[in-house]
Amino acid sequence: MTAPAKIRPEAEPALDEAGFRRFDRMVHALMGKAEGGLSPVSLWLAWADWASHMAMSPGKQAEVGFNAMARAQKLAAEVQCQLKGGRLDGEACVEPIKSDRRFASPDWLTFPYSLYAQGFLATQAWWQETATGLSGVEKKHEQLVEFYGRQMLDMLSPSNFLATNPALIARTQEEGGQNLVRGWKHMAEDMRHALFHDEEAPAFTPGENVAVTDGKVVFRNRLIELIQYTPVTDKVHPVPLMIVPAWIMKYYILDLTPPESLIGWLVEQGFTVFCISWKNPEENDRDLGFDDYRELGVMAALDAIGKITGAPKVHGLGYCLGGTLLSVAAAAMARDGDDRLASLTMLAAQVDFTEAGELSLFTNEDQLALLEDMMWQEGFLDKSAMAGTFSMLKSKDLVWSKMVHDYMLGERDAASALGAWSQDATRMPYKMHSEYLRHLFLNNDLADGRMEAGGAHVMLRDVRCPVFAVATENDHIAPWHSVFKLTWLMGGEVSFALVSGGHNTGIVAPPGSPRAKYRLLTHVHGQPHPGPEDWAGAVEKVAGSWWGAWGEWLRAKGGGEEITPPALGKSLGAAPGRYVLGR
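Under my numbering, the residues of the sequence shown are numbered 4 to 586, in order.
Don't read these hints as lab results, they were simulated from the structure.
Bear in mind the structure is a predicted one, so any value in this text is a computation, not a measurement.
The beta-carbon is built from N, C-alpha and C at its ideal position, and this holds for glycine as well.
The calculated label-pair distances, taken between Cβ atoms and stated as ranges, are:
1. 514 - 72: 50 to 60 Å
2. 154 - 573: 48 to 58 Å
3. 187 - 462: 55 to 65 Å
4. 536 - 287: 45 to 55 Å
5. 132 - 193: 34 to 44 Å
6. 573 - 458: 25 to 35 Å
7. 310 - 44: 48 to 58 Å
8. 238 - 575: 24 to 34 Å
Between the sequences and the hints, there should be enough to build the whole structure, so can you do that?
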């Protein structure tokens with residue numbers, strides 16, 4: 004009888020614990036791509052939490068049932084009244100929220116379209132009551148259930164269908180169906196672009212008709228190009244201005260066509276302006292982390308500006324997540340005794356993420372693990388994943404209303420600079436995206452004092468330079484109540500402007516914008532802290548753009564007489580540089 008053969012080392016299983024984990028990550032990455040980057044487990048957990056508590060709450064069940072019956076009775080009474088040619092009490096059964104423009108046309112007030120619209124709005128209101136206010140449900144689970152239910156209802160809105168939308172019926176009759184023919188052509192074009200990625204040449208290209216403010220790239224490293232803009236005035240403010248844009252999108256949101264260019268306006272006002280242009284990350288940038296963006300971005304730009312201008316102080320401006328990054332850099336500088344920042348300007352930028360809006364619904368442990376596995380495989384998060392999430396947050400306007408406009412009315416909006424910029428998204432490196440989602444959205448480490456930079460903790464209250472914070476009224480990415488918290492988290496004087504518009508339109512609101520309005524608060528450290536709603540209700544709106552008020556504030560900080568413009572640094576190429584063109 005022969006002894007069993009010994010297994011040689013080279014014949015041992017090739018897969019170890021790390022190998023099995025890699026296999027899991029590959030499966031999760033494939034799932035994430037198939038599901039548009041959204042985790043079905045998160046939704047299932049939220050639904051299970053909500054449904055189990057609803058099953059154990061007979062009082063809540065009775066309440067939502069009673070409210071549904073009451074709305075149905077009122078709607079039936081209104082329909083009867085309309086059939087007789089009148090309106091019930093002169094008011095609609097359910098009024099849409101102010102931002103919902105789907106039923107603004109007077110045609111929706113006539114029968115039977117009023118029945119469709121009011122029935123839909125009543126169902127929407129009923130779902131909001133049903134999904135919320137249930138004792139025992141985790142808050143984020145409640146918000147997730149309400150959000151996804153609202154997404155389903157928005158998809159079924161009567162405004163989305165030819166047979167129930169009076170404007171679509173009238174247009175189709177007027178044109179003999181030609182609008183639908185054009186719509187089919189538009190749909191075919193969009194499907195071809197999506198499937199074959201054969202997008203047409205953009206109507207707006209950086210350096211040609213956007214991002215055209217004259218300047219030079221004066222510094223470059225593996226992550227940023229620093230642009231210095233050519234002065235157009237004989238004298239300039241003595242303190243240069245450094246702009247830190249968000250790395251999620253391209254910097255030229257602040258340098259659109261000349262009438263809309265904040266950078267161009269600043270140069271005309273006599274400021275020496277520098278702007279960071281982030282590189283669009285590739286696979287070999289996968290290990291760039293949040294602190295690398297601080298060091299290679301903010302701090303490297305500050306060093307370069309100091310060498311070029313000789314100025315001891317610099318104004319810092321951060322937009323969106325660029326403002327969050329700038330606030331971390333400012334806190335680290337304050338901790339280390341670096342006093343080069345004369346002031347901070349925060350545009351639609353959060354430092355406390357406990358009220359981060361609906362975007363925070365997609366930041367939980369399960370969702371984040373799925374995104375990390377997707378990024379682990381390719382080294383970055385593809386721009387399409389983020390674009391899909393942002394579209395979902397405003398699906399009523401960015402998906403369904405656009406579908407009606409393009410595919411049923413057969414119309415196409417004229418290209419706009421802001422619209423072109425919104426399509427020019429960037430990728431995000433694996434490590435950096437994971438770190439900022441965990442530290443900021445998931446754990447709120449910055450506001451709670453747990454954030455680290457340069458190997459040590461940073462505290463926002465150490466930032467003593469004056470701050471000017473801008474929030475927009477209709478911001479679905481950085482809600483103004485969240486931005487308002489800057490007034491008590493920073494250690495020095497904070498001026499807070501609440502401006503009309505959304506996350507982008509409120510910021511890109513040059514002087515002369517007809518609908519631009521703003522409220523302004525200046526809070527000095529040590530004074531009582533007003534609540535956001537109390538303050539907003541007590542302050543009158545000022546007609547006009549916030550740019551002018553901010554420009555005057557900026558001139559007052561840093562002081563001193565105007566000087567001859569500093570020379571441009573050594574040119575590495577004309578603005579807008581190479582990185583902004585990276586696809």
